[in-house]
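Enquirer: Given next are the chains, with one letter for each unit.
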Amino acid sequence: MSASHGGVLKHHFEDIEQQRSSERIGMWMFLASEVLFFGCVFFAYTYYRYLFPHEFAIASSKLNVAIAFINTLVLLTSSLTITLAIRACQLGQRKALIATLGATVLLGFVFTGFKAYEYAEDWHEQLVPGTRFNEEQFRDVKSPIDPTKEIHVDRIKLFFSFYYAMTGIHMLHLLIGVGVVFYLFARAVYGNLTPERYVAVETTSLYWHLVDVIWLFVMPLLYMAGPHTSLHF
Amino acid sequence: MVDHSTHGNSHGHVEDNPAAHVDNVGQLFIIYILIAIGTVISLFINMSPSWKQSSVVIHLAISVIQAGLVGYFWMHLRRADPLTWLTVGGAIFFSALQFILTLGDILTRHTGAY
Numbered sequence: 001m002s003a004s005h006g007g008v009l010k011h012h013f014e015d016i017e018q019q020r021s022s023e024r025i026g027m028w029m030f031l032a033s034e035v036l037f038f039g040c041v042f043f044a045y046t047y048y049r050y051l052f053p054h055e056f057a058i059a060s061s062k063l064n065v066a067i068a069f070i071n072t073l074v075l076l077t078s079s080l081t082i083t084l085a086i087r088a089c090q091l092g093q094r095k096a097l098i099a100t101l102g103a104t105v106l107l108g109f110v111f112t113g114f115k116a117y118e119y120a121e122d123w124h125e126q127l128v129p130g131t132r133f134n135e136e137q138f139r140d141v142k143s144p145i146d147p148t149k150e151i152h153v154d155r156i157k158l159f160f161s162f163y164y165a166m167t168g169i170h171m172l173h174l175l176i177g178v179g180v181v182f183y184l185f186a187r188a189v190y191g192n193l194t195p196e197r198y199v200a201v202e203t204t205s206l207y208w209h210l211v212d213v214i215w216l217f218v219m220p221l222l223y224m225a226g227p228h229t230s231l232h233f
Numbered sequence: 234m235v236d237h238s239t240h241g242n243s244h245g246h247v248e249d250n251p252a253a254h255v256d257n258v259g260q261l262f263i264i265y266i267l268i269a270i271g272t273v274i275s276l277f278i279n280m281s282p283s284w285k286q287s288s289v290v291i292h293l294a295i296s297v298i299q300a301g302l303v304g305y306f307w308m309h310l311r312r313a314d315p316l317t318w319l320t321v322g323g324a325i326f327f328s329a330l331q332f333i334l335t336l337g338d339i340l341t342r343h344t345g346a347y
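So the sequence lines, in the order shown, correspond to chains G and A.
Residues in the first sequence are numbered consecutively from 1, following the numbering used here.
Residues in the second sequence are numbered consecutively from 234, following the numbering used here.
I should point out that these hints are in silico values taken from the structure, not numbers from a laboratory.
Even glycine gets a Cβ: it sits at the ideal position worked out from N, Cα and C.
Honestly, I wouldn't trust all of these hints.
Here are a few chain G residues that sit away from chain A, every Cβ distance over 10 Å (derived from the structure) [stated by the list, open to error]:
#1 E118
#2 D140
#3 P144
#4 F217
In silico BS3-like cross-links for lysine-lysine, where the CA-CA straight-line distance does not exceed 30 Å [to be verified]:
#5 A:K285 x G:K157
#6 G:K142 x A:K285
#7 G:K62 x G:K157
#8 G:K142 x G:K157
#9 G:K149 x A:K285
#10 G:K62 x G:K95
#11 G:K157 x G:K115
#12 G:K62 x G:K10
#13 G:K95 x G:K10
#14 G:K95 x A:K285
#15 G:K142 x G:K62
#16 G:K62 x G:K149
#17 G:K62 x A:K285
Using the sequences and the hints given, assemble the complete structure.
Expert: This is the structure:
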């Protein structure tokens, strides 16, 4: 290895490991800001769920938990593949690197596809507040927590507003991640992602994992606020 | 980040060895299976006939464990330096502050759901 580590080392760093540490901490700082951003969204949801638990439980039961479950496994698998990509890059295993990064992109698209299908299903079931919402379907619905409670449809609409906002923001983050991983994939295909550049895969994986972790909280909070009796598509 | 992938030689020259600190594939798969099991348990709890509103506590406990596994093993926090831990701790601390102080105020002024 040459003194500049194959041209990777920038002149303002003392050595390659100092440069890698800087890249990692930069990403971690960004992720910290993301945690604070999503924390605000989660807090707003928590507050209204505390106020309107009956309506939130009814609305949550209308969501497709089967798709959410499959999407969780899809996202988890993509997190595994991108972690394996770091290893492949470090070991200089170009084919494995291309395969794992390609799988990560593909799984990102699979998640997006399932989510799009779910949104279409919500549209057909008229569960989109402000645009296409059928209040009648909630007129005689009883709360699974306390059937004697009076139900306010406006609060059910509020839940769906949170649902679209939270899953939409998450989806946006995922699509950005897909774009970045695809860029790495292209670099791997063209042989530009050499072992000394593995930290590019590692920092991208940090972002990808955060998107995964956020989903691990979004899924139970939105999809499991109310009971489900069956799995269906 | 504490990473021993670089080594100084007798000339004071830093040798780079990216392959010196690779993940164990078996360990990665074990973590994957554990997280997947957590998701399956969450689903079973949600579909249980004895579902209660308080089930959210179990769901969130599972999510915290899953997030911990992802962070510690897949995001390599186990090899992280103090500055990274400070960054992560800061994010968690200020998020917790937001929840605890604000919810503390709300919960002491409202006696129950509307």
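Enquirer: Please flag the earlier hints that this structure goes against, numbers listed from lowest up.
Expert: 3, 4, 10, 12, 14
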